[in-house]
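Q: Going line by line, the protein sequences match chains A and B. Add 12 to the 1-based position in the first sequence for this note's numbering, that's all there is to it. Add 12 to the 1-based position in the second sequence for this note's numbering, that's all there is to it.
FYI, nobody ran anything at the bench for these hints, they're computed from the structure. Check each hint, because a few of them may be wrong.
Note that identical chains are pooled: a pair holds if it fits in a single copy or bridges any two copies.
Said to hold, decoys possible - Okay, derived cross-link-like pairs now, SDA-like style, lysine to any residue, Cα gap no bigger than 20 Å in a straight line:
#1 LYS137 / GLN200
#2 LYS71 / HIS193
#3 LYS196 / THR81
#4 LYS46 / ARG250
#5 LYS188 / ASP85
#6 LYS196 / ILE88
#7 LYS137 / GLN147
#8 LYS398 / ILE453
#9 LYS286 / ARG101
#10 LYS391 / ALA84
#11 LYS400 / GLU56
#12 LYS282 / TYR301
#13 LYS449 / PHE381
#14 LYS196 / ALA84
#15 LYS394 / TYR341
#16 LYS137 / SER207
#17 LYS137 / GLU203
#18 LYS391 / ASN357
Small disclaimer: the values here were computed from a predicted structure and weren't measured.
Residues per chain are reported as follows:
Number of protein chains: 2
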Amino acid sequence: MLNSQNRFCSKIVFLLLLVLTDMLYAQKNIPLPKKNQLAWQDAEITALISYDLHVFDGKKYNQALNRITPIADYNIFNPTKLDTDQWIRAVKSMGGKIAILTVTHETGFALYQSDVNPYSMKALKFQNGKGDIVQDFVASCRKYGILPGLYIGIRWNSNYGVYDFMVNNDNSPFAKNRQQHYNKLCEQMTEELMSRYGELAMVWFDGGAHGPELGGADILPIVEKHQPNIIFYHNTQRADIRWGGSESGKVNYPCWGTYPFPYSHSTNTKEIFKNDFQLLKEGDPEGEYYMPAMSDAPLRGHNGRHEWFWEPGDEEHIEPLESLMDMYYGSVGRNSTLILGITPNADGLIPEPDVIRMKEFGAEIAKRFSSAIARISGKGSKHELKFKSYQKINHIVLMEDIANGERVRDFNIEAKTKNGWQLISKGSSIGHKFIAKFQEIEVSALRLNITKSIAEPIIKDFSVYNASGNL
Amino acid sequence: MLNSQNRFCSKIVFLLLLVLTDMLYAQKNIPLPKKNQLAWQDAEITALISYDLHVFDGKKYNQALNRITPIADYNIFNPTKLDTDQWIRAVKSMGGKIAILTVTHETGFALYQSDVNPYSMKALKFQNGKGDIVQDFVASCRKYGILPGLYIGIRWNSNYGVYDFMVNNDNSPFAKNRQQHYNKLCEQMTEELMSRYGELAMVWFDGGAHGPELGGADILPIVEKHQPNIIFYHNTQRADIRWGGSESGKVNYPCWGTYPFPYSHSTNTKEIFKNDFQLLKEGDPEGEYYMPAMSDAPLRGHNGRHEWFWEPGDEEHIEPLESLMDMYYGSVGRNSTLILGITPNADGLIPEPDVIRMKEFGAEIAKRFSSAIARISGKGSKHELKFKSYQKINHIVLMEDIANGERVRDFNIEAKTKNGWQLISKGSSIGHKFIAKFQEIEVSALRLNITKSIAEPIIKDFSVYNASGNL
């Protein structure tokens, strides 16, 4: 009787606790990532492979000029040593999980066998007009276990005469008809690209694919029809990831995975542009939409250059390993996905110096983070790692199980040293990953204290490292 | 001694006669046709074969709308029964000597394997993107002994956004760069077309290829480099023939082979446009430039239509034989070359009703003019044909030997009937050919009296016919 009363009491207490938990945490719905967003954040490192006609012109790329100047002779496109396997091996060597190819960039030239855009590989002498680099690229990705994504630039088209989405416009009926035709062309290319190459990890409409509401193409329904699980980036209706507000390969800290709008950015929403894109760089912990930030940067961005495309004589501008590691900490270590821009040369290969740097980058990440001294995971606000003996450490990695949303709002990490417990790191956002890097210190225990959260914290990983080498 | 004096006197008289002849006739240089112009006028009957994407859209062509509306899907171009031999046999059956193909018309689509214009047959699914109708056409011409010519439309390009030679223009640097690119494209296409297909009889830049002086492409040096003997039509620098001032298949009478400008027409020369193109229709006997008129008309121009392109349901608008014969008299019979517009259908064949009419046309011309009752030729102002018995006649054909220029300025023809000599025809211009058609009369002799000429007349043919049948 007493036992059953006790059991009854236990149940009451348990239910009360559940109610209290609900009151404490579940005051509103936590934005949850979709499956594609989880995969995107799990990837951590991705590559954007930029390739276009002007790679072959032997001249320095001048974006402002190239945007308004059609390529004189598209048959300069002749990558005689084309080897997309080599591209993808380079991506894999740096630990990349997703590779994205610029199917069209600002010339308007399309790297595949389009039946709607004559300005495509069908027009080339190269491979007797039968080449399809999208197909080659996707096949290489599948071969090496890399997820393929496609970048479709429709905002600029120097050949067709499109500037900032709009057909160069004198307000004539002619211009209006060509705008309609161009919009249809973009939709039809999207249809081809979304339907021909199997499942894609992401599609990137650079600059945002202006929709019909802005006089542009209506591409979203086409993407959704053929690729229900794709990362869609982006238009004024939808963005599954957001631009991280710079092309530095880094975001600010904190960088929340949530955002107050369903779209990444739009000229109609001025607050996104305030303070040098602060909202993009940091997100909004109160945001209703799950939309993690990406951190994009070109590999050839060092020392006064910032080039997404191969150009002669730019080898000295390949980012040093240290810069790439800075990007890694500033992106992956801040709940953001790194997109490193790489570019095949006019031979059709990622240049050897770039390949070497990418491999070094992957090796360095592996060296620092592949062997945890210890790791735990679990629910709750307190997590403690204890060591049998003192350990020299210099990195801690935290991961939330973001499948259940980003819950942590404030935390700190204490280390038990020979001088007792001391604070070694603190922060607000953890999200997919938070990396603390600090001067090597000897510890016998570590404590993660989550001091504020919007629901019960679920720590997927709390791991500790002693990365040797020159940090 | 006397003999040698006589011989000396004879020489003096002869030299004096030469001087007098010079004084009478050779007060100025007579414009002489070039070899290509002679061949053009000798051809008498030619065909313009018009073929473009909109033939396949199943809709009535609306030139004003089509000019400003890109074709929605160029892969509608799919002439599954394409047979250029059949086209050329039809041209030959009507007595045509030259066939001209529209390589590009107003869509901008090019009917060959261009390496500079992606909007060409390389873009098509048809023939796996390897089709080249220019090549097929030229091969068929050579097979049947027809001289090939090419029509290159660069004035309009609905796809690239060109209107009246100019890239649709908002005066931006973008538009200026695209204009430059378009001009270069036109030059490069001209280079391809002039250099790839052997010797061509003529090239037709419709509307006049605006040259650099008007902001357009500089195509003339390219044509002259590759095709020194071609009929060039036309730009503001040069025209070897001139438009006859209408699309009726006829010119006015007289229609002189000479013209006061080296170009056919230009918006800068308003006097050419006066009186409904009177100067184009009639030429100028004082003109310093040899430039005979062409008389163009579409075969499908009857009864309220005037269509150069195949369209559904236009069979009833095929010109009746009588209209075609009227054109023949109004063009060939007036020192002009007839250009009849024919068009393959969406199957790739000249439709059977058109083929039949073309054959009837050729047969009717042959019936009327292949068997002369008598003919003479020779120099001088008086030419007489005498018959052993009375002959019923209803046509007389006169031809000058225009290799030596158009010399006759006034003439009449008298017939000796049972009632004595009577005037049956008179005129001013003869040129390549003058045809007199009249009610049948019985004659025993004919006299051609050239009453005015600028040099000694050289009559290449003075022939007489009794064409049976329904005239």
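Q: Which numbered hints are broken by the structure, listed smallest first?
A: 9, 10, 11, 15 and 18
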